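Asker: All chains, please: the whole structure from these sequences, using the hints.
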Amino acid sequence: GIQVEQSPPDLILQEGANSTLRCNFSDSVNNLQWFHQNPWGQLINLFYIPSGTKQNGRLSATTVATERYSLLYISSSQTTDSGVYFCADYTNAGKSTFGDGTTLTVKP
Amino acid sequence: DAGVTQSPTHLIKTRGQQVTLRCSPKSGHDTVSWYQQALGQGPQFIFQYYEEEERQRGNFPDRFSGHQFPNYSSELNVNALLLGDSALYLCASSSPLGGGDEQFFGPGTRLTVL
Numbered sequence: 001g002i003q004v005e006q007s008p009p010d011l012i013l014q015e016g017a018n019s020t021l022r023c024n025f026s027d028s029v030n031n032l033q034w035f036h037q038n039p040w041g042q043l044i045n046l047f048y049i050p051s052g053t054k055q056n057g058r059l060s061a062t063t064v065a066t067e068r069y070s071l072l073y074i075s076s077s078q079t080t081d082s083g084v085y086f087c088a089d090y091t092n093a094g095k096s097t098f099g100d101g102t103t104l105t106v107k108p
Numbered sequence: 001d002a003g004v005t006q007s008p009t010h011l012i013k014t015r016g017q018q019v020t021l022r023c024s025p026k027s028g029h030d031t032v033s034w035y036q037q038a039l040g041q042g043p044q045f046i047f048q049y050y051e052e053e054e055r056q057r058g059n060f061p062d063r064f065s066g067h068q069f070p071n072y073s074s075e076l077n078v079n080a081l082l083l084g085d086s087a088l089y090l091c092a093s094s095s096p097l098g099g100g101d102e103q104f105f106g107p108g109t110r111l112t113v114l
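Top line first, the protein sequences correspond to chains A and Y. Just so you know, we're using our numbering here: the first sequence kicks off at 1 and counts up by one. Just so you know, we're using our numbering here: the second sequence kicks off at 1 and counts up by one.
The reader is advised that the hints may include incorrect statements.
[What the hints assert, rightly or not] Listed next, the stretches of chain Y that the computed footprint assigns to chain A, with coverage defined by at least 3 CB atoms under 8 Å from CB atoms of chain A:
(1) 28-37
(2) 45-57
[As the list claims (entries may be wrong)] Pair ranges (Cβ atoms, derived):
(3) Y:Thr14 x A:Glu67: 47 to 57 Å
(4) A:Ala65 x Y:Thr14: 44 to 54 Å
(5) Y:Thr5 x A:Gly57: 25 to 35 Å
(6) A:Gln55 x Y:Gln17: 44 to 54 Å
(7) A:Lys107 x Y:Ser7: 28 to 38 Å
(8) Y:Gly84 x A:Ser76: 40 to 50 Å
(9) Y:His67 x A:Ser76: 42 to 52 Å
(10) A:Ser76 x Y:Gln41: 27 to 37 Å
(11) A:Thr79 x Y:Thr5: 22 to 32 Å
Hints listed in this document are in silico derivations from the structure and should not be mistaken for laboratory results. Here the structure is a predicted model, which means the values were calculated and not measured. For every residue, glycine included, the Cβ atom is placed at its ideal position computed from N, Cα and C.
Answerer: Put into structure tokens, the structure is as follows:
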């Protein structure tokens, strides 16, 4: 099945800094999603982005399906952005594969 | 609009016991997927249910089984619990054939096996 590699595994930022998180896929991307997992374990949907670019406030995401990668941009980071960020691909046959996540720590 | 709900929130069992976890999908969704998330790892796909049948399965033993009811809610059953089954179990719903391939997750059930 598809392999999903996320980088970096850990990221520490000062409040106000910008960051880029990356997902690489071993095969064609189908239905790519980005999630933020809060300390209680809830996965919060950030973007559903099989291709192209989307923006939501300080966050934006770009998926280049032909090159099998996706990027999540966080601008002007806040302490509340801390947590684990996952990307996942969901095939049309119903199987999902997650990366191992990027743990983001934003310091005040 | 109710989101995905799961019960119970927490559960403690002993080795060898059996457990049943429950999930109600988001309104309008007919497909339910289950995931296991061990500490420090990403969620691992267990299986997906659509039209009351298992549609896809990940690399999990037969001790993991499920069911989907006519109202689209679902149960995950795990038999002969092992210490390694301790994890956060997540349920996600979607409606791929309804044109929505985006998955939405419930808050999870944290299972501890002693």
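Asker: Hint by hint, note whether the structure agrees.
Answerer: Checked hints:
1. 28-37: Per the Cβ count (4), the hint holds.
2. 45-57: Result for this restraint: holds, n = 5.
3. Y:Thr14 x A:Glu67: 47 to 57 Å: holds (49 Å)
4. A:Ala65 x Y:Thr14: 44 to 54 Å: holds (47 Å)
5. Y:Thr5 x A:Gly57: 25 to 35 Å: holds (27 Å)
6. A:Gln55 x Y:Gln17: 44 to 54 Å: At 48 Å between Cβs, range holds.
7. A:Lys107 x Y:Ser7: 28 to 38 Å: holds (37 Å)
8. Y:Gly84 x A:Ser76: 40 to 50 Å: About 41 Å separates the Cβ atoms of Y:Gly84 and A:Ser76, which means 40 to 50 Å holds.
9. Y:His67 x A:Ser76: 42 to 52 Å: Check passed, 46 Å falls within 42 to 52 Å.
10. A:Ser76 x Y:Gln41: 27 to 37 Å: Check passed, 30 Å falls within 27 to 37 Å.
11. A:Thr79 x Y:Thr5: 22 to 32 Å: Given range 22 to 32 Å: holds, Cβ gap about 29 Å.
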